[in-house]
Amino acid sequence: MGTVITIDVYPLPGADDAWTADLRRRLDRAGLVLRCADDVFSTWRPASPVSRLRRGEISISDVPPEVTAVMSACQAARRVSGGWFDPWAMPGGFDPTGYVKGWAAQQALAAFDGLAMHGVLVNAAGDIASTGRQPSGSPFRIGIADPGEPRRLAAVAELTGCIATSGTYERGSHLVDPHSGLPAARVASASVTGPDLGLADALATAIAVAGTEGLDLVEPLAGYEALVISWDGRRHSTSQFPFAQISDAAVGRLCQEFCSPATT
Amino acid sequence: MRRAPIVIAGTVAGLIAVLEFHTTPPKVTLAGGSALQPAANSSTSATSPPASGKSPPRKGARHRATASSTAKPAGTPAATRTATGPRVNYNYGVLSVKVTASGRKISKISIAYLDDSADPRSQMIDEQAIPILEQQALQAQSANIQGVSGASFTSEGFEQSLQSALRSLDI
Chain A
1 MGTVITIDVY PLPGADDAWT ADLRRRLDRA GLVLRCADDV FSTWRPASPV SRLRRGEISI
61 SDVPPEVTAV MSACQAARRV SGGWFDPWAM PGGFDPTGYV KGWAAQQALA AFDGLAMHGV
121 LVNAAGDIAS TGRQPSGSPF RIGIADPGEP RRLAAVAELT GCIATSGTYE RGSHLVDPHS
181 GLPAARVASA SVTGPDLGLA DALATAIAVA GTEGLDLVEP LAGYEALVIS WDGRRHSTSQ
241 FPFAQISDAA VGRLCQEFCS PATT
Chain B
1 MRRAPIVIAG TVAGLIAVLE FHTTPPKVTL AGGSALQPAA NSSTSATSPP ASGKSPPRKG
61 ARHRATASST AKPAGTPAAT RTATGPRVNY NYGVLSVKVT ASGRKISKIS IAYLDDSADP
121 RSQMIDEQAI PILEQQALQA QSANIQGVSG ASFTSEGFEQ SLQSALRSLD I
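Going down the list, the protein sequences come from chains A and B.
End of the first sequence sits at 264 in our numbering; the numbers just go up one at a time, nothing left out.
End of the second sequence sits at 171 in our numbering; the numbers just go up one at a time, nothing left out.
No lab work stands behind these hints: they were computed from the structure.
Ideal Cβ placement from N, Cα and C applies to all residues, glycine included.
Possibly wrong hints are sitting among the right ones.
If you anchor each label on the Cβ, the simulated ranges turn out as follows [to be verified]:
1) B:Ala79 x A:Gly56: 47 to 55 Å
2) A:Ser239 x B:Arg167: 49 to 57 Å
3) B:Ser168 x A:Ser239: 46 to 54 Å
4) B:Val94 x A:Trp44: 41 to 49 Å
5) B:Ala79 x A:Arg79: 52 to 60 Å
Derived contacts from chain B toward chain A, CB cut-off under 10 Å, selection only [said to hold, decoys possible]:
6) Pro86
7) Val88
8) Gln146
9) Gly147
10) Val148
11) Ser149
Far from chain A by the CB rule (all over 10 Å, computed), these chain B residues [unchecked claim]:
12) Thr82
13) Arg87
14) Ser102
15) Arg167
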């Protein structure tokens with residue numbers, strides 16, 4: 001899980017004290033959800049249920065319900081990813097980190113359901129869950145860091161839902177090839193967009209390991225798209241990856257180099 | 001042992017929000033005036049009405065409150081304390097993290113020292129919260145994006161230096 005999670009709420013004009021009080025309660029809930037997820041799943045906390053499970057101190061029947069729910073979701077993600085995402089093949093035992101970061105951010109996002117607003121973004125160290133749009137009515141636009149030079153952008157995506165990015169340049173990289181058990185990353189960075197951030201997170205992890213052939217896993221998945229940046233800097237993507245339109249005059253020079261032209 | 005996640009939250013455009021950074025649930029208060037006002041002007045109460053409720057948000061401007069403002073509870077001025085963590089290796093070189101706190105509440109996280117190439121920079125890099133520093137820099141360059149997916153600046157080294165500074169402040 002990312003050390004710092006940012007939550008940006010885009011309020012409607014004239015939001016009043018009652019709205020702010022409601023927002024405050026929801027922010028508290030979102031913070032609680034994120035901390036609880038950390039308490040339960042963090043492999044850095046020796047006393048977390050997942051850590052204890054990994055050490056064999058407890059069995060599956062002893063874990064909190066969130067763990068079994070995540071395990072089920074990870075089984076589905078393993079199937080969908082053709083085994084390239086496999087938390088059971090991680091060193092030290094079951095490690096759902098590649099799914100949980102996204103899952104937790106999505107859970108936190110749910111705290112804002114029903115709040116009157118233009119939209120909200122929960123950004124967990126680059127895994128982003130969102131609902132709504134910018135106040136202008138445009139979709140949220142998310143820059144994708146250039147893995148070769150992370151202060152630059154490689155692309156800009158229009159966001160409807162979620163985006164997750166995986167790559168070895170991130171701290172605490174846990175990219176292990178489940179088939180060999182060895183650290184591996186066939187591409188520099190993989191980004192996946194879609195409605196569920198946990199699954200997007202798992203798929204991004206899988207594709208970062210599998211490489212461009214991982215795009216074939218995502219192409220048939222309705223609602224999910226993927227972008228890969230290979231070690232030579234080239235981009236490969238699924239057919240409908242939501243690149244932002246270059247026609248927007250506000251797009252900076254950096255983006256113009258990389259964004260796809262508008263398509264109809 | 002790693003700490004629980006730090007959650008930074010705020011409202012963007014339409015309302016000017018002042019953030020308090022916590023390692024416990026996040027707080028949001030409303031302040032009149034610009035988000036760029038110095039901390040001294042940002043004494044607030046939770047019931048103050050939004051100052052810019054009627055004005056449309058500036059295009060491309062994200063008024064997510066920056067770390068440079070601190071809300072102080074009325075009548076209980078808290079001493080401002082700072083601590084700088086050790087210099088540590090991070091992805092591109094060496095850095096140390098500085099934490100500013102008001103009482104036990106973090107008001108600012110910034111970089112005290114950064115050496116990412118041949119030229120060390122020892123002055124304060126920015127007023128912004130460091131975990132979103134790179135994001136902000138990218139957004140400033142690239143106009144009209146609301147977030148960045150990918151490179152996380154929360155490197156192992158950053159976290160070590162930050163946590164050391166937090167321990168010094170007993171937070």
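Worksheet item: So the hint says 49 to 57 Å: do the beta-carbon atoms of A:Ser239 and B:Arg167 match that?
Response: Holds, since A:Ser239 and B:Arg167 (Cβ atoms, about 50 Å apart) stay within the stated range.
Item to complete: May I ask you to test the interface hint for B:Gln146 with respect to chain A, counting a Cβ-Cβ separation under 10 Å as satisfied?
Response: This interface hint holds because 5 Å falls under the 10 Å limit.
Discussion item. Please check whether B:Ala79 and A:Gly56 have a Cβ separation lying inside 47 to 55 Å.
Written reply: holds, 48 Å
Worksheet entry | B:Ser149 as an interface hint toward chain A, with CB separation required under 10 Å | holds, 4 Å
Worksheet item: Can we confirm that no CB of chain A comes within 10 Å of the CB of B:Arg167?
Response: holds, 15 Å
Worksheet entry | B:Gly147 as an interface hint toward chain A, with CB separation required under 10 Å | holds, 5 Å
Discussion item. Assuming the hint says 41 to 49 Å, is it satisfied by the Cβ distance from B:Val94 to A:Trp44 or not?
Written reply: With Cβ atoms ~24 Å apart, the hint is violated.
Worksheet item: Is the hinted range of 46 to 54 Å satisfied by the C-beta distance from B:Ser168 to A:Ser239?
Response: The hinted range 46 to 54 Å holds for B:Ser168 and A:Ser239, with Cβ atoms some 53 Å apart.
Discussion item. The output says B:Thr82 does not contact chain A. Does that hold with a beta carbon cutoff of 10 Å?
Written reply: For B:Thr82, whose nearest Cβ neighbour in chain A is about 19 Å away, the distance exceeds 10 Å, so it holds.
Practice prompt. Find the nearest Cβ of chain A to the Cβ of B:Ser102 and say whether that gap is larger than 10 Å.
Written response: Since the minimum Cβ distance to chain A is about 19 Å, B:Ser102 lies beyond 10 Å and the statement holds.
Discussion item. Does B:Val88 hold up as a contact with chain A if the rule is Cβ-Cβ below 10 Å?
Written reply: The hint is violated - B:Val88 has no Cβ within 10 Å of chain A, the shortest such distance being about 12 Å.
Worksheet entry | C-beta pair B:Ala79, A:Arg79: status relative to the range 52 to 60 Å that was hinted | holds, 56 Å
Hints 4, 6, 7, counting from the list given before, are not met by this structure.
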